[in-house]
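Using the sequences and the hints, build the whole thing.
Chains as they are written, first to last, in this note's numbering: chain A, 1 to 385; chain B, 386 to 524; chain C, 525 to 659; chain D, 660 to 806.
No wet-lab data here; the hints were simulated from the structure. Glycine included, every Cβ here is placed at the ideal spot set by N, Cα and C. Some hints here could point you the wrong way.
What the hints assert, rightly or not - Here are the simulated DSS-like pairs of lysine-lysine, each with C-alpha atoms no more than 27 Å apart in a straight line:
hint : chain 1 : residue 1 : chain 2 : residue 2
1    : A       : K50       : C       : K654
2    : B       : K504      : B       : K417
3    : C       : K636      : D       : K726
4    : B       : K522      : B       : K423
5    : C       : K620      : A       : K50
6    : B       : K504      : D       : K798
7    : B       : K505      : A       : K23
8    : D       : K770      : D       : K663
9    : C       : K654      : A       : K286
10   : C       : K632      : D       : K661
11   : C       : K540      : A       : K180
12   : C       : K623      : A       : K168
13   : A       : K203      : A       : K222
14   : C       : K653      : A       : K276
15   : D       : K663      : C       : K541
16   : B       : K428      : B       : K400
17   : B       : K417      : B       : K407
18   : B       : K505      : B       : K400
19   : B       : K506      : D       : K801
20   : C       : K655      : C       : K645
21   : B       : K400      : A       : K45
As the list claims (entries may be wrong) - Residues on chain B that point at chain A, a partial pick, calculated with CB under 8 Å:
hint : residue
22   : R433
23   : I479
24   : P519
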Amino acid sequence: MSLLIPIGPQHPALPEPERFIFKVDGEVIVDVDVKIGFCHRGVEKLMTKKTYVQNIYLSERICGICNVAHTTCYVQLVEKALDLEVPERAQFIRVILNELARIHSHLLIIGITGEEIGFETIFMYMWRDREIVMRMIEDITGNRVISALNTIGGVRRDISEEQKERIKKGISILRERFKKYQEVFTEDSTVRRRLCERGIISKSDAISYGAVGPVIRGSGVKYDVRICYPYQAYDRIPFDMVIYEEGDSLARVLVRIGELFTSADIIEYALDHLPKGDIRVPAPRKVPENDVISLVEAPRGELFYHLISNGTDRPYRLKVKTPTFSNIYPIARAMIGETIPEIPAILVSMDPCFSCMDRLKFIDIRKGKVWIWSDRDIRRHYKRR
Amino acid sequence: MSEEELLKILGEWGKVEQKEPKDYRVYMDKEKVPDLVKCLIEKVGDIRTAAVTGMQRNGKFIVYYHLWIHPLDVMVSLVVESENDHFPSITPIIPGSHFHENEAFDLLGLKFEGHPYLKKKLILPEESPEDYYPLRKEE
Amino acid sequence: MSIPKLITEVVRTLFKKPVTRHYPFEKPEIAEGFRGRPVLNIDECVGCGLCARDCPTGAITMVFYSKTKRRAPSFDYSKCIFCYQCIDTCPWEAIKPSKEFELSTPDKETLKLKIPEEEVKPIRRRPPKKKPWFR
Amino acid sequence: MKNKLLNWSRMRSLWLLHLYAGSGCNGCDIELLAALTPRYDVERFGIKLVGSPRHADVLAVTGGVTKAMAERLRRIYEQMPEPKFVIAIGTCAMSAGIFSGSYNVVGGVDKVIPVDVYVPGCPPRPEAIIQGFAILMEKIRKGEYDE
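This is the structure we're talking about:
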């Protein structure tokens with residue numbers, strides 16, 4: 001006998017809503033149905049109503065955690081359409097900020113992974129150390145979360161020598177902490193037991209199901225936009241892609257931990273090789289008729305913007321494809337064959353960011369990190385069948 | 386397999402345009418899309434759907450299938466144009482296209498033929514009217 | 525983690541300073557360039573309306589003052605997203621940044637800031653201080 | 660005297676229900692979460708995150724209200740026991756901010772339920788959120804609310 005278990009819209013792992021309907025046979029999941037779109041805000045439509053300058057701030061607010069990736073992708077897109085050359089220094093500053101945001105996002109999600117597997121101490125430690133990164137981001141941009149640093153034609157604030165020193169000091173503190181976390185996730189037996197060989201995605205499945213970011217790299221596919229389609233200053237900075245072949249939840253977490261180290265390396269290299277010069281060039285308000293795509297490696301994976309402009313100061317069509325939108329399908333497939341208690345840990349290993357994905361939010365009465373077995377929903381579903 | 390050989394294959398199916406390094410556009414007939422994708426998987430290797438952009442322009446519907454070809458690490462966008470809102474689906478060939486096509490169906494009303502589980506209200510709230518497509522241009 | 529390591533970690537933490545900042549009783553650490561409330565200096569303003577045009581949320585609206593026959597921006601901080609595009613745009617540098625962030629209030633109306641009639645002086649014509657970034 | 664004691668005890672143990680009301684990025688949510696974690700630690704004031712509206716005294720709403728959400732937000736508000744307070748965190752919760760004008764967004768939280776304290780900021784710093792709670796506590800201490 002199979003039973004339908006609706007989980008969500010308040011989904012089990014993060015305090016953001018999504019609805020999964022699991023068909024289970026005893027304890028084992030046999031089918032998953034996903035209802036996405038509880039966060040749909042109609043951003044794509046709103047983008048066509050606002051000017052290119054205003055859209056910088058709208059794209060920033062598609063997702064608060066990956067806001068730097070979103071603005072980088074957006075301004076890069078408009079600069080491509082305008083055929084505008086950005087100063088070297090601005091490109092390096094964008095890279096530094098992107099990597100700081102990556103550290104902050106990865107610390108956040110690794111902490112939540114710890115919480116989901118019942119390791120709350122690591123969650124509190126991660127969030128304590130995250131404050132160091134937040135402090136650095138605030139130092140160079142003026143806000144802890146929403147950076148508003150990127151603009152069409154460059155960046156709005158420069159990095160001074162003192163700020164450089166402060167960032168370097170912070171990075172060296174963080175690097176020590178990263179080593180500790182790596183030790184926890186590679187050696188601790190509890191962590192291994194909850195994450196190892198759970199939610200396996202094979203290499204060819206990862207490609208054909210459309211996974212991106214740490215999910216695809218955790219399955220052994222060499223795909224990182226920073227290396228495959230270098231943007232900004234990434235082609236001038238040497239670094240290695242972090243790849244794990246296993247394809248399980250632990251591999252995805254270890255990819256993130258490995259990326260913490262590469263991000264720290266990239267920041268230090270970029271600070272040492274920061275070129276001198278302008279940080280910004282003037283940009284026109286109107287964009288000529290063009291059709292361009294732009295790719296950025298957000299903390300969660302490949303971010304895709306597609307602009308069709310028509311010569312006015314507003315976009316004609318702007319398509320936003322966020323990493324979670326690509327990752328939800330492979331993860332839903334990976335849950336088939338697993339048991340119910342593993343759901344939150346597998347879901348979190350994908351780093352879900354539903355605000356990114358649907359551009360509209362939704363809530364239900366049931367809130368928090370409990371997961372939901374609502375009789376009413378089950379009954380309603382039975383009636384419908 | 387090299388990029389030139391890929392371009393040769395693509396050239397047989399439609400007009401190829403290079404936008405940037407490793408980024409190609411192929412302007413082609415909509416009926417041929419599934420055949421081309423099948424052919425590419427056979428001859429080149431695994432393909433990932435990066436995105437599907439649907440849009441409406443001058444009363445016509447245009448769909449971009451953005452495909453990432455893994456062994457060559459190249460982005461190929463298949464551009465198809467149509468008077469009506471029916472398009473071929475590539476979900477039976479690449480399962481990962483499921484959500485991308487479904488999103489275009491939900492927001493723009495593009496009907497992808499051959500999509501195994503195309504459903505309305507994947508993204509829009511359940512309360513919204515049946516024939517409501519927010520991204521369609523009012524003309 | 526092994527038990528001896530855990531014990532050393534615990535012991536070390538016992539003697540560390542707590543990480544918690546006792547905010548209302550302690551001064552908050554705010555970065556130098558923090559983006560707080562943007563403040564309008566009405567004497568510098570020429571009423572061009574560029575800020576209202578670039579404001580992404582419509583927090584800035586241009587108000588007409590009949591006595592002095594001029595326009596001046598009025599700020600609605602309940603809509604402001606503190607992006608500082610207005611400061612970036614203003615060629616006369618009439619809008620200034622501030623570090624003020626403690627704006628919580630039980631009444632939303634207090635966040636609407638309209639310059640009173642008597643403070644508005646006629647426009648002094650003069651050249652802009654900087655070139656605009658967006659043409 | 661009895662009232663004073665009641666207000667004082669109420670002020671010292673605000674239980675918090677955190678809700679998304681629809682549109683907004685998750686910036687305010689991570690800042691509210693940051694206010695609960697070691698650096699800012701609002702548990703110093705007896706503020707605790709709970710999972711059910713029936714246990715909560717304060718409803719912390721982040722984000723503007725979408726069309727689908729309006730009815731549900733009202734329902735959650737009605738489920739909370741009296742006296743109840745609402746704190747709207749972030750610009751989106753006050754006026755829908757940058758998302759106002761979208762086809763799916765109703766507006767700020769105050770279009771649906773009464774709000775006691777507004778915290779402007781995009782996103783507000785954890786300190787600003789703490790100040791918002793301080794204003795709410797002051798309000799309760801003075802007894803400026805309906806039973």
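Evaluated hints:
Using a Cα cut-off of 27 Å, the hinted pair K50 of chain A and K654 of chain C holds, with the two alpha carbons roughly 25 Å apart. Taking the CA atoms of K504 of chain B and K417 of chain B, the gap is about 24 Å. The hint holds against a cut of 27 Å. For the proposed pair K636 of chain C and K726 of chain D, the alpha carbon gap of about 26 Å is at most 27 Å, so the pair holds. Restraint check for K522 of chain B and K423 of chain B: the C-alpha separation of about 33 Å exceeds 27 Å, so the hint is violated.
A hinted pair counts as satisfied when its Cα atoms are at most 27 Å apart, and K620 of chain C with K50 of chain A qualifies at roughly 25 Å. At most 27 Å may separate the alpha-carbon atoms for a hinted pair to count; K504 of chain B and K798 of chain D exceed this at roughly 50 Å. Taken as a hint, the K505 of chain B and K23 of chain A pair is honoured in the structure, with Cα atoms around 21 Å apart against an allowance of 27 Å. For a cut-off of 27 Å, the pair hint linking K770 of chain D to K663 of chain D is broken: about 32 Å separates their Cα positions.
For a cut-off of 27 Å, the pair hint linking K654 of chain C to K286 of chain A stands: about 21 Å separates their Cα positions. Among the hinted pairs, K632 of chain C with K661 of chain D is inconsistent with the structure: their alpha-carbon atoms are about 32 Å apart, more than 27 Å. Proximity of K540 of chain C to K180 of chain A is assessed by CA-CA distance (about 18 Å); at most 27 Å being required, the pair is judged to hold. Between K623 of chain C and K168 of chain A, the direct Cα distance comes to roughly 25 Å. Compliance with the 27 Å bound is thereby established for this hinted pair.
A distance of roughly 10 Å separates the Cα atoms of K203 of chain A and K222 of chain A; the hinted pair therefore holds under the 27 Å criterion. Distance hint between K653 of chain C and K276 of chain A is fulfilled; the C-alpha atoms sit about 25 Å from each other, no more than 27 Å. With a C-alpha separation of about 36 Å, the suggested pairing of K663 of chain D with K541 of chain C is violated against the 27 Å cut-off. Taking the CA atoms of K428 of chain B and K400 of chain B, the gap is about 19 Å. The hint holds against a cut of 27 Å.
A distance of roughly 23 Å separates the Cα atoms of K417 of chain B and K407 of chain B; the hinted pair therefore holds under the 27 Å criterion. This hinted pair does not check out: K505 of chain B and K400 of chain B have alpha carbons roughly 33 Å apart, beyond 27 Å. Of the supplied pair hints, the one linking K506 of chain B and K801 of chain D is violated, its CA atoms being roughly 48 Å apart against a limit of 27 Å. For the suggested pair K655 of chain C and K645 of chain C, the alpha carbons sit about 25 Å apart, so the restraint of at most 27 Å is met.
As the CA atoms of K400 of chain B and K45 of chain A are separated by approximately 30 Å, the hinted pair breaks the 27 Å bound. With a least beta-carbon distance of about 5 Å to chain A, the hint placing R433 of chain B at the interface is held under the 8 Å criterion. Annotation: I479 of chain B was flagged as interfacial toward chain A, and the flag holds, the nearest CB pair being 6 Å apart, inside 8 Å. The closest approach between the C-beta of P519 of chain B and any C-beta of chain A is roughly 5 Å, which is under the 8 Å cut-off, so the hint is satisfied.
The structure shown violates the earlier hints numbered 4, 6, 8, 10, 15, 18, 19 and 21.
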